[in-house]
Amino acid sequence: MSKPKSAYSIPGKKQKNDTHIIVVWVDNEAGVLARVVGLFSGRGYNIESLAVAEVDPKLNISRITIVTTGTPQVIEQIKLQLGKLVPVHKVADFMRGDKKIIFKEMALLKIVGNNIKRKKAIKFCKKFNPVVLDKTNKSVVVQITALRREIDTIMNNLKKIGLVSVSRTGAVAMTRGAEVFK
Amino acid sequence: MSKLYSGAEIVFKCLEAQDVEYIFGYPGGAVLPIYDELKNHESIKHILARHEQGAGHAAEGYARSSGKPGVVLVTSGPGATNAVTALTDAYMDSIPLVCISGQVPTHLIGTDAFQECDTTGITRPCTKHNWLVKDVKDLSKIIHKAFEVATTGRPGPVLVDIPKDIQFQKTKYVNSIKRKKLNGKIHNKFNQGEIDQFVKLMVNSSKPILYTGGGVINSGPKASELLRELVSLTGFPITSTLQGLGSYPGDDNQFLGMLGMHGTYEANNAMHDCDLMINIGARFDDRITGKIDEFSPKSKKVHIDIDPSSINKNIKVDLPIVGDVSEVMLSVIKTLKKKHPNFASSNKEKTSKWWEKISKWRSVNSLNFINSDKTIKPQHAIQRLYELTKDKDTYITTEVGQHQMWAAQHYKFNKPNRWMTSGGLGTMGYGLPAAVGVQIAHPDKLVVDIAGEASVLMTIQEMSTAIQYNLPIKIFILNNEYMGMVRQWQELLHEKNYSESYTAALPDFVKLAEAYGCVGIRAKTPDELDEKIKEMINVNKPVIFDCLVDKEENCFPMIPSGKPHNQMLLGPNDQKENKITGKGKTLV
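Protein chains in written order, with the numbering used here: chain A, 55 to 236; chain B, 7 to 594.
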């Protein structure tokens, strides 16, 4: 059935999706992450990546960074719905392209191969603050911090020269300069 | 050193501090310590439901008719899962409920213990907030906070899950009723600039309409008074959502009736053609808007709501005002009086054409139906019920379906909190237990559940509750042997394939009433209807009234699927309708 007759509501025109980074400050209590994530799944919002950890052990505040896509209306709803949750203190929202904001993801890359390949691999990562965390005469584990798409590119390049395992965090964000989001 | 209390005692100390008079509940293993404590607290009466869903809806009925939060007490596992429907219902219709559930002892959580379920996990999406109490020291703080969350801002249900061992453990009681707002979640965020802008829009409008919702009821009786003042100050026409009925007198000339899917012709057309839409405490629900792309295309829209997430959720508005509707209306009235004294009379000229148009729509008489002297038409039954009960300050609850819409169309409400219906979730089986709760809150008032025979069977067991507590609720069943609304949609939209919408083997409702120990009355013809209704009103006992109505009556007017407000399907008298539904007319 293309247009079911008893469907009371038929979806209207779709707007363009944008990628946003939503930062949420929450009380670090049991179930708080489930509340935030459940709100996204329950209302059909996307989560591209998610990073969460306690940032203020004294006040028990955790900071959740969520990368999401949606129309301007959906993004607005996400912020307002998050703001209604009892353990949520504040919600910030940044466009991915925003120049005032720093976004970073971290990745751990394990490369197995001979000396030449391993050296080449580290060279590939040079632009992204590579730190060698572990090395044997067969393998190397490198930590890099970069943007999502940069890590995607590196992974593609390294596949040919012995990348066997990847572990990535979600993006975290912070404003540039002296300003703090209130 | 201050006295130590058990968790169960603390529960009651908190309820007493919150002035709770009634708890609706059902006992079970994991709440036994709390039930054991009940006898020591005379100011709190427990109403034993026959199913936890019934307890929940009864608490909703109590809350909606009294303006106080409803309190529910259930056990773990099935007790909690049975309450989920009522919690979700309360969440959708913004009803303050505090549900206290028992849980298996802390050390058994996560072991798939007997009657264990992840109650806070299951109820997370259907409550404003919920808590699993892991330390008895937190208990009093949590319960007081639960009441605060349930009753402030946009009201809603909350749940406190208390493991059995916590109910036994002892600690000090801390009375921590706080009036502080949560996490800076203030509710009145509007400023005078917005009010001025709003008044300016009103002054400039020649085709205005007020569209009011359940928010006006939730804001308290004062909001309804302010609304009446605002309507008379402006002279604007007003329409209401299903949930808002009663906040403005249903028989007033400025009232256009309910709007939306089964709203009146004049209300929906006025919504479509207006140049200024003033939404007060409603949420642009899909049953109201119809097709969103063509919703009221030429209007400026003002939206007053306490919940910022309601703004721009479905419909983009030009002027959002976040705040309690009472506070906002108060400011608007003040400003209007100051800047434009005698606004209604000075503005009369400007809106006179608009009112002419409205009376033209009105003359269509869209709630009309072809009456019969042989079978009882359901609309006629509601009209008679209204005429015979309107002087009694009657409280009406409903189930969900055709009868609900007919009740909303033909029963005129004059006061807020007199109309309890499941609008958001559309829960069949809501009305009977809700009537129980309403009667508890108003023991001397007439409480009628306008029901369908299919809906009422979903929670019929609560008749037993009504008998136990001498609650003379009247269950007025419009019996057409069909799930009427399902049948109507199948007739109009599924080529009359009446798949599973006929109920064979219905019980004899008169005998059923007698079996429960209440009174059964049956009306078969229009002639005897009035007498039987009077008989029902005069019995001081619960009554099941089996009103046998036309089996194939449809609920009109109706906005058909995917259509905007100005393309309504009218009743059998209307020719257009015959064209659209074709075979549909043969049934009328």
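Hints listed in this document are in silico derivations from the structure and should not be mistaken for laboratory results. Ideal Cβ placement from N, Cα and C applies to all residues, glycine included. There's no promise every hint is true.
[To be verified] With a cut-off of at most 20 Å between alpha-carbon atoms, the simulated PhoX-like pairs for lysine-lysine come out as follows:
| # | chain 1 | residue 1 | chain 2 | residue 2 |
| --- | --- | --- | --- | --- |
| 1 | B | 569 | A | 236 |
| 2 | A | 180 | A | 236 |
| 3 | B | 151 | A | 138 |
| 4 | B | 195 | A | 68 |
| 5 | B | 569 | A | 68 |
[What the hints assert, rightly or not] Over 10 Å on every C-beta distance to chain B, these chain A residues come out as not near it, computed from the model:
| # | residue |
| --- | --- |
| 6 | 114 |
| 7 | 134 |
| 8 | 138 |
| 9 | 219 |
[Stated by the list, open to error] Chain A is nowhere near these chain B residues, computed Cβ spacing over 10 Å in every case:
| # | residue |
| --- | --- |
| 10 | 112 |
| 11 | 126 |
| 12 | 196 |
| 13 | 202 |
| 14 | 207 |
| 15 | 313 |
| 16 | 314 |
| 17 | 318 |
| 18 | 510 |
| 19 | 528 |
| 20 | 534 |
Evaluated hints:
For the hint pairing residue 569 of chain B with residue 236 of chain A, the CA-to-CA distance comes to about 44 Å; that exceeds 20 Å, so the pair is violated. For the hint pairing residue 180 of chain A with residue 236 of chain A, the CA-to-CA distance comes to about 36 Å; that exceeds 20 Å, so the pair is violated. Taking the CA atoms of residue 151 of chain B and residue 138 of chain A, the gap is near 15 Å; set against the 20 Å cutoff, the hint holds. Taking the CA atoms of residue 195 of chain B and residue 68 of chain A, the gap is near 31 Å; set against the 20 Å cutoff, the hint is violated.
For the hint pairing residue 569 of chain B with residue 68 of chain A, the CA-to-CA distance comes to about 18 Å; that is within 20 Å, so the pair holds. Interface exclusion of residue 114 of chain A from chain B stands, the closest Cβ pair being 13 Å apart, more than 10 Å. Not every C-beta of chain B lies more than 10 Å from that of residue 134 of chain A, the closest at about 4 Å, which undercuts listing it as non-interface. Not every C-beta of chain B lies more than 10 Å from that of residue 138 of chain A, the closest at about 6 Å, which undercuts listing it as non-interface.
The claim that residue 219 of chain A lies off the interface holds: its Cβ sits roughly 32 Å from the closest Cβ of chain B, which is beyond the 10 Å cut-off. Listed as outside the interface, residue 112 of chain B is consistent with that label: its C-beta sits roughly 13 Å from the nearest C-beta of chain A, beyond the 10 Å cut-off. Not every Cβ of chain A is farther than 10 Å from the Cβ of residue 126 of chain B; the closest lies at roughly 6 Å, contradicting the non-interface assignment. The claim that residue 196 of chain B is not at the interface with chain A holds, since no C-beta of that chain comes within 10 Å of its own (minimum 16 Å).
Its beta-carbon lying about 25 Å from the closest one in chain A, residue 202 of chain B satisfies the requirement of being farther than 10 Å from that chain. With a least beta-carbon separation of about 22 Å from chain A, residue 207 of chain B lies farther than 10 Å from that chain, consistent with its non-interface assignment. With a cut of 10 Å on Cβ distances, residue 313 of chain B falls inside the contact zone with chain A, its closest approach being about 7 Å. For residue 314 of chain B, the requirement that its beta carbon stay farther than 10 Å from each beta carbon of chain A is not met, with the minimum near 5 Å.
With a least CB separation of 6 Å from chain A, residue 318 of chain B falls inside the 10 Å interface cut-off, contrary to its annotation. Listed as a non-interface residue, residue 510 of chain B keeps its Cβ farther than 10 Å from every Cβ of chain A; the least gap is roughly 24 Å. Residue placement check: residue 528 of chain B keeps its beta carbon more than 10 Å from all beta carbons of chain A (closest about 34 Å). The claim that residue 534 of chain B is not at the interface with chain A holds, since no C-beta of that chain comes within 10 Å of its own (minimum 37 Å).
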